[in-house]
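The residues making up each chain are set out below.
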Amino acid sequence: MTAASLDFAGENLLRELAPQVLGAVIRRFRDFSSAEDAVQEALLAAAVQWPEEGVPDNPRGWLIQVAARRMTDQLRSELARRRRETVVMQYPPDQQVASGADPTSLAHFGSSFGGAGSGDETEQDDTLILLFMCCHPALTRPSAIALTLRAVGGLTTGEIANAFLVPEATMAQRISRAKQRIKTSGVPFRMPTAHERAECLDAVLHVLYLIFNEGYSSSIGPDLQRSDLANEAIRLTRAVHNLLPGVGEVAGLLALMLLTDARRLARTGPDGDLIPLTEQDRTLWDRNAIAEGVALITETLSKGSIGAYQLQAAVAAVHDEAARVEDTDWPQIVALYGLLKRMSDNPMVTLNHAIAVAMVNGGPAGLELLKALDADERVAGHYRLDAVRAHLLEMAGDHEAAIAHYQAAAGRTASIPERNYLTTQAARLTQLLDKK
Amino acid sequence: MKFMLMMHAPRGTGDWSVFKWPPEDLKAHINFMKRFGRELKDAGELVAAEGLAAPDQARVVRATKGGGPEVTDGPFPEAKEFLAGYWIVDVESPEQAYEIAARASAAPGPGGAPLNLRIEVREVMSAPAVDL
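From first to last, the protein sequence lines stand for chains B and R. When you line the first sequence up against my numbering, it's residues 1 to 436, in that order. When you line the second sequence up against my numbering, it's residues 1001 to 1132, in that order.
Don't read these hints as lab results, they were simulated from the structure. A few of these clues could be false.
To be verified - Result set (SDA-like, lysine to any residue): computed pairs, CA atoms no more than 25 Å apart in a straight line: (1) K1002/R x A291/B; (2) K1002/R x D271/B; (3) K303/B x A291/B; (4) K1020/R x Y1098/R.
Said to hold, decoys possible - Over the 10 Å line for every Cβ pair with chain B, so calculated as not near, a few chain R residues: (5) I1030; (6) R1062; (7) G1066; (8) E1070; (9) T1072; (10) G1074; (11) A1079; (12) L1083; (13) A1107; (14) P1108.
Positions of the beta carbon are idealized from the N, C-alpha and C atoms, including for glycine.
Using the sequences provided together with the hints, build the complete structure.
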């Protein structure tokens, strides 16, 4: 006999509720770290009980109650001050302030949110506040990623450890250190001020982007797992987009993810070998994801806002809209990378710009642009510079130099599929030369 | 980024003859290694770690023409060093891996003096970059 498990809809419901439940519990107990543990336990309890007993009528209330009970059990043995809060717990949330049972803490929270617990708005705010907390600049990126996936994404430590190929104990420590760090840095559970907001949102988007990258680059073939990080990043970014529909860069990041992820099936062969964009079977691209991504980025750009994620999404849209590789609107891509270059001083942008320029004006024009990067220490010894230079040299007909750069790139990459691809390119050109 | 830290120890009758160390020094060394492993785990950096059996038990295997194993003593009796064990750590930069390697290298030997063992640091291959 196997234990019943939640179906897909059930899991989705659980994970959608996770940050809302956590927000509610933090609000009451004001202890992010233990609240987070308690909510994890409540989620696990739901995953075991719901398949057998059915999803309760009020799943959110059920989870809050179970998590709160854990908290209460834990706190009962602690300070007397805490004990008073467990009494308050028995009131419905909106009566807590009115009852005056604990005016100092709850009224304080109420005021910072413009009224305590007015339904949907608070729940949605909580998801955002949690994201801002988990992606706080005081945390290292790996810690922020792990904490976001657990506290906001509702993944278990085991699932996160699995996705990053580290032991569960190691990931557990990483998460607990991140929580400790939040505690010692005194990051408050509240919406960032208008002044902090832009920086905080940048950090959130960057963490979501990294989660997506991790998932997208390591996924091979059609296997979709619950802890699939690319899907998780899209789900979380979609949630942020729903909460902040007017912020162009959020829409841009969501569009970028959708338009990139649409090619997932086509980018690896049956054995996990890498297939470059130009050689992909475009009939395998996900039309729905492309349609959604294109609509999103078109609408966003029409509002006149512009940002790095939006421009990258626009580039992805140009690729995705070309039915055949030769239909690609390269001049448009050159223009977009030109804009991007003006906005950010990122050598990877220059690399992509050089490729696009080479597609329009030929290999030598692209190689000319690469020269500027030789003096840039961020990229000078990087395999991508060698790989792109090899590609452009091949386009320009200098096969001998191209082989040398393909080989140099193969020696420098830390990715096996990429190394295989680059080595194969070098071998292919060597064979061509030998035949001459 | 994951890195493998391979600890090389001098071989034979040289410095590395742990069985001849005073027992308290050996104990200090073992305790150091245990504590070091725990610290890596607590820092959320440890992926894996193993110590390897003594080199005189090592064998080198090569396939014969028929595909079966041909076993010889090894590795290379003339080698001055052998692989004693390894750690795999997950860190943010090569510099962090070097720092961890230096800590391992300074494991205490006879008289509590640091051994300054040679640690080879190699990046573990990972997923390809995103083709944006």
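The hints, checked one at a time:
1. Proximity of K1002/R to A291/B is assessed by CA-CA distance (about 37 Å); at most 25 Å being required, the pair is judged violated.
2. Pair hint K1002/R plus D271/B holds up; C-alpha atoms about 23 Å apart against a cutoff of 25 Å.
3. Between K303/B and A291/B the CA atoms are separated by roughly 19 Å; this keeps the pair inside 25 Å, and the hint holds.
4. The straight-line distance between the Cα atoms of K1020/R and Y1098/R is roughly 30 Å, outside the 25 Å bound, and the hint therefore fails.
5. Residue placement check: I1030/R keeps its beta carbon more than 10 Å from all beta carbons of chain B (closest about 21 Å).
6. The Cβ of R1062/R sits about 25 Å from the closest Cβ of chain B, beyond the 10 Å cut-off, so the non-interface label holds.
7. Chain B leaves G1066/R outside its interface by the beta-carbon criterion, the shortest separation being 28 Å against a cut-off of 10 Å.
8. For E1070/R, the non-interface assignment is confirmed: its Cβ lies about 29 Å from the closest Cβ of chain B, beyond the 10 Å cut-off.
9. Every CB of chain B is more than 10 Å from the CB of T1072/R (nearest about 30 Å), matching its label as outside the interface.
10. Here G1074/R stays apart from chain B, with its beta-carbon at least about 27 Å from theirs, past the 10 Å limit.
11. Residue placement check: A1079/R keeps its beta carbon more than 10 Å from all beta carbons of chain B (closest about 26 Å).
12. Taking the minimum C-beta to C-beta distance to chain B, about 22 Å, the non-interface status of L1083/R holds against the 10 Å cut.
13. Every CB of chain B lies more than 10 Å from the CB of A1107/R, the least distance being 21 Å, so the non-interface label holds.
14. With a minimum CB-CB distance of about 25 Å to chain B, P1108/R clears the 10 Å threshold, and the non-interface call stands.
The earlier numbered hints that this structure contradicts are 1, 4.
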